[in-house]
Amino acid sequence: MQVWPGRPFPLGATFDGSGTNFALFSEVAERVELCLFDDAGAETRIALREMDAFVWHSYLPNVTPGQRYGYRVHGPNDPARGHRCNPNKLLLDPYAKAVDGDVDWDESLFPYTFDDPDAVNDADSAPHMMASVVVNPFFDWDNDHPPRTPYADSVVYETHVRGFTKLHPSIPEELRGTYAGLAHPAAIGHLTSLGVTAVELMPVHQFVQDHGLVERGLSNYWGYNTIGFLAPHHAYASSGTCGQQVQEFKTMVKAMHAAGIEVILDVVYNHTAEGNHLGPVLSFKGIDNAAYYRLTDDDPRYYMDYTGTGNSLRVRHPAVLQLIMDSLRYWVTEMHVDGFRFDLAATLAREFYDVDRLSAFFDLVQQDPVVSRVKLIAEPWDVGEGGYQVGNFPPLWSEWNGKYRDTVRDYWRGEPATLAEFASRLTGSSDLYQDDGRRPSASVNFVTAHDGFTLHDLVSYNDKHNEANGEGNNDGESHNRSWNGGVEGETDDLAVLELRERQKRNFLTTLFVSQGIPMLLGGDEIGRTQGGNNNGYAQDNEISWYDWEAARHHDVLLHFAQRLSRLRHEHPVFRRRRFFRGRPLRGSGVADIGWFTPDGSVMSDEDWDSGFAKALTVFLNGEAIPEPDARGERIVDDSFFLLFNAHHEPIDFTLPEGGFGESFEVVVDTAAPLPGVEERRAKPGGSLPVEARSVVVLKRAF
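Numbering (numbering that gives the first Met the number 0), first residue to last: 0 to 701.
These are computed hints drawn from the structure, not numbers from a lab. Since this is a predicted model, take the numbers as computed values, not measurements. Glycine residues also receive a C-beta, built at the ideal position from the N, C-alpha and C atoms. Mixed in with the good hints, there may be bad ones.
Unchecked claim - Quick list of the computed label-pair ranges, beta carbon to beta carbon:
id, residue 1, residue 2, range
1, Ser192, Asp474, 32 to 40 Å
2, Arg679, Asp492, 26 to 34 Å
3, Asp608, Pro149, 30 to 38 Å
4, Ser686, Val382, 47 to 55 Å
5, Gly684, Trp140, 56 to 64 Å
6, Thr332, Val601, 52 to 60 Å
7, Asn540, Asp15, 39 to 47 Å
8, Asn473, Phe137, 29 to 37 Å
9, Ala416, Gly488, 25 to 33 Å
10, Pro368, Thr295, 34 to 42 Å
11, Arg48, Gln433, 53 to 61 Å
Sequences and hints are given; from them, build the entire structure.
Here it is, written out as structure tokens:
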């Protein structure tokens, strides 16, 4: 086999139409072997003799897409100094763009023998290891155009590639649970009917099934166990795993874009699947352990863990920063994705120990001409000390607003003294984002997400029910801010069922009329339940999959969600690009927002501070929107009253007087989910009954 010197850039395996360049970073390596595997599994080893700036490289003519490969790295095996090289371990390329096969958790994958954690395990791991794959980079995008929906106009739908389509009766069985299934017209049609502008996909980077879960007969369904940051997860491909997954993923993105839907990836750059000192050697550990991972200062045998998974990537190391940035750019430029949601993003800001908002990672993102132009969403916390950083990310970033979730849940379950903070969350959380120049779109508002109860379960369970996870119901969050309506779990009590459905509509209405970006948990619109399991990370089964047959019983809820999405889309007053100021703008005689008690009086300090108050009226002035539209023209919209009643009894609301309009019509009433045949109207100074625990939205008629 011919071996040419090749180039140190780009890292990974790069096919140019004639052959493939291989390049691997390792500062600690003394020798690197490229291992090629044929269809029968026979291995050919080739020494990479060229090394520039710690990048080992060679070019192999005639090596084409579909070629399976890996590396063996010769170097120090001295855990006390942080080094874990062992040429007996086949290693996945950190820059692999596709992965074939799975690990089987044989003892050879570990750096020690099971009966002696201090012994060196020199068994060959290749027969039990996954392999990197050379991919074909060429794809007909056919003038694909990313939708580039403005942040403020976005409606995000968090979903799971497999779970969304696994049981969908309109999708061919062989496509269910795959990228191709997600691209099917039945799947896309559901999303467009909801007005979804972006799907936020739970992890699709290549991940590994946890050893402990496999032993318990479970699996890592969520996928927060990454091993390949440039490779789409092979189990979600219907067409094959030797590079076909790349083409299938691109086809899915292309179909989404054609429907006007952006694709946002939930990415996990804070840790890898190799775990701590007792974990396997699959890639980074054996290539350059001390470069890739944060090790403890007093004993480099052990790993810093800000993620609860055993390790944390050493983000301050140049090679790790390069890997993350190269990965992000690859997914944007080659895979055409439109943004990223960063799992446990506070970990990426830990240059040393504390979370540093000005860390090197955020500096690189800020100046990067590719990554800085797409949507960037942080999960603004990790499990380390000082890790809760809601409101503290840089100006380019939006954040999952955990305070929005908590406050809205508390308000609708009747917690006292929530009114003032509820008002702040409803209007975009200016207390969190305004001081650093950000807009309401910095707040990604959500009531439910993959981690926790579904919307159905939020109103049906006071306690978690995670017995199926095999951890004695000790996993998952215990403080869910949920309320079951008086009965735990499923019930035939019609009064309880009616209350629960109304509470769902209350949450959805609040979400869609709030300033900021609404994020809907996939399946909430069709009553998806996990049976009270609030931590379905290991449940690749009916607990987590969307039950499309049962969805037929939730048509009213689906149609209600669709109406809310249309209302938001049609009225920019619900998706302002700037915060409210509480005063008239552009010559209007009425303030841009008004706050009133149910009797129509202006809210006083005493009203805001009242612990028992659970009802208020909000006026949104559609004539006082300060920003122009895309053509520079003034935005003029209808004006609205929002009547919130979280009290357990009905309340007669009086619409305030003072130039707000002559008449208002009811466009949403969560106590009456189906549109009425006759219009319901109210006039300022007039009374309108609002049912217990419900919302009424009124639009100015004239």
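What are the numbers of the hints that this structure violates, sorted from low to high?
8
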